[in-house]
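Sequence lines, in order, name chains L and A.
The first sequence begins at 1 in this note's numbering and counts up one residue at a time.
The second sequence begins at 1 in this note's numbering and counts up one residue at a time.
Hint data in this document are derived by calculation from the structure and do not stem from the laboratory.
All C-beta atoms, glycine included, are put in the ideal place defined by N, C-alpha and C.
Be careful, since some hints might not be right.
One-sided and incomplete, this derived list gives chain L residues near chain A with beta-carbon spacing under 10 Å [said to hold, decoys possible]: (1) E245; (2) E246; (3) L249; (4) T254; (5) E257; (6) F266; (7) R268; (8) G270; (9) I272.
Far from chain A by the CB rule (all over 10 Å, computed), these chain L residues [claimed, not checked]: (10) A71; (11) T95; (12) G104; (13) T113; (14) I169; (15) W177; (16) A194; (17) A204; (18) L243; (19) G252; (20) G307; (21) F320.
Computed beta-carbon distance windows for the label pairs [unchecked claim]: (22) L/N196 to A/G120: 39 to 47 Å; (23) A/Q63 to L/L197: 54 to 62 Å; (24) L/V162 to A/D124: 46 to 54 Å; (25) A/D79 to L/L243: 21 to 29 Å; (26) L/L197 to A/R116: 32 to 40 Å.
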Amino acid sequence: MSSSTPRLVRTAQSDPVPPAADRADPTGPADAAGPTTPRTTPNENGDPGRTGTRARPDVAGRLFAMTATGAGATILVVLAAVAVFLVLRAWPAMTASAEELSEGIQWFPEGQTLLGFVGPLIFGTVLAAVIALVIAVPLAVGIALFTSHYAPRRIASGLGYVVDLLAAIPSVVYGLWGVVWLAPRLYPVWTWLADNLGWIPLFAGPASQPPRTVMTVGVVLAVMILPIITAVSREVFLQTPRLHEEAALALGATRWEMVRMAVLPFGRSGLISASMLGLGRALGETMAVLMILSPGFTYAFELLQAGRHQTIAANIANQFPEANPLGVSTLIATGLALFVITLAVNMAARWVVSRRKDFSGAN
Amino acid sequence: MAQRIDIKDLDVYYGSFRAVADVGMTIEPRSITALIGPSGCGKSTFLRTLNRMHEVIPGARVQGTVLMDGVDLYGSGVDPVAVRRQVGMVFQRPNPFPTMSIAENVLAGVKLNNRRISKGDANDLVESSLRGANLWNEVKDRLDRPGSSLSGGQQQRLCIARAIAVKPQVLLMDEPCSALDPISTLAIEDLMAELKDDYTIVIVTHNMQQAARVSDRTAFFTIEGTGKPGRLVEMDDTRTMFSTPTQQATEDYISGRFG
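Go ahead and model the full structure; you've got the sequences and the hints to work with.
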């Protein structure tokens, strides 16, 4: 008994890792002070001869709790600082009249309000990112499933390594590659699309040459976000409990049926998170878009035509060097719009994940 | 629908390591056969060869024959997926699909075998399978709740319902009660006694009282030492095995002097 008591005390105090569900919660770090509370355990054990163990301060535990809380708070502070900066600096543009904007800023479209200016930019940004996601997510899921459940281990690790390498390529290199190498090779594809599927408004021709279009940008963005989505979903798929896979196989599922029954449902929320990470990158990507896209400010759905779209990030990079104070403020206002879109998308994704929380397998 | 299984000269390998050697036995239809023995003696491995689930582990292979009503499960042209649809399995830990509701869990295997099933038939099958697993009265009001919302014992019965919903010939149970409390264990044991009217049941258990309570025949496996393959020592009627076993090793094990 006397030998087991101190051990009990130590495990109670030196177990500062909160449960996984808490760690995923942004408020988690604040709860990290919790693990220090079971200090009363030795008292409850009714072992008065051992009160010495109770008095020993749990320095490591405290330090950990403080560090974790601090780290959590830092994120919130940074986020708030960015939001405050954006709102403060965008304020002059948001309060300026249409005349002030078009007179004060050389590149501002004549007679347009700020909203009328930001609208097509938001549209272009979301459009390019959505194209990228539509191309990248199925491909990433395919690669992730192949590496996690189909490929022999040697091939799988090699492929995983190559995919991770893709993430290390700077975006300016992707931009160069897109303009110099990919775009000319995509042109025949886009022409074919316009000729054969042109009756779908999205692919209405004629396909622009050179194809500095939002579609080409979408393809390059897809390549850029592929590694992050693949890597995250591969890890999630690998986490599928063996029990669930065996349950499916024992029912007479083929490998693909097992994947559909056990792996994909289990990885669903992780896949959504991975897609959001990719979407975030696609929404904010600047350099590659700037280098490839021929800009335009319309709400055009014709993906194969150049000079129709522009993204917020590329527009900021394009105009910023020569912008006057009001121009900078306008650009920051568009940045604020991007910030809000990203937040909204992430919140929507969280909502989608939490809607079927009971079925997530986390309980 | 229950079928006899004849196993002859069965060796199981993991890579070059022989895990189980020279097993030969006959498993009678409509009966419960218990496999007992110390940890690592290969009884679970052997059980998994009866529905080719051992093949899930890379490098695992089998030599010998397993005849189910005269058909060799390891014959060329036999699809392991088809074998598993005939031979259901219940695992050590309850494993309902967490992303599916209770009803969807029951229907999971059926939807694989026969994609088109009318809503009425599906409802009937859910009810009959859950009744068959003695779970219907406990869950009939919450069939659309996740399977993971049930208690451990209920989850295990849900897994049994899922296994019998596809109407297999044989039901394999790999220590089905080892993660359950005594009351849930009793519920599963009662259920097994009912199920043996329709199915051939093979159960691996570490609990010798359980083997004595539920099984008709008992097979005792043992292992001579680390790195040696597990072997079948003897198999007989459960009553005989627990009263007058012919082998000294069996007597040592069931009387608690070994393992």
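Checked against the structure, which of the hints given earlier come out wrong?
Violated hints (numbers, rising): 8, 9, 18, 19; every other hint is consistent with the structure.
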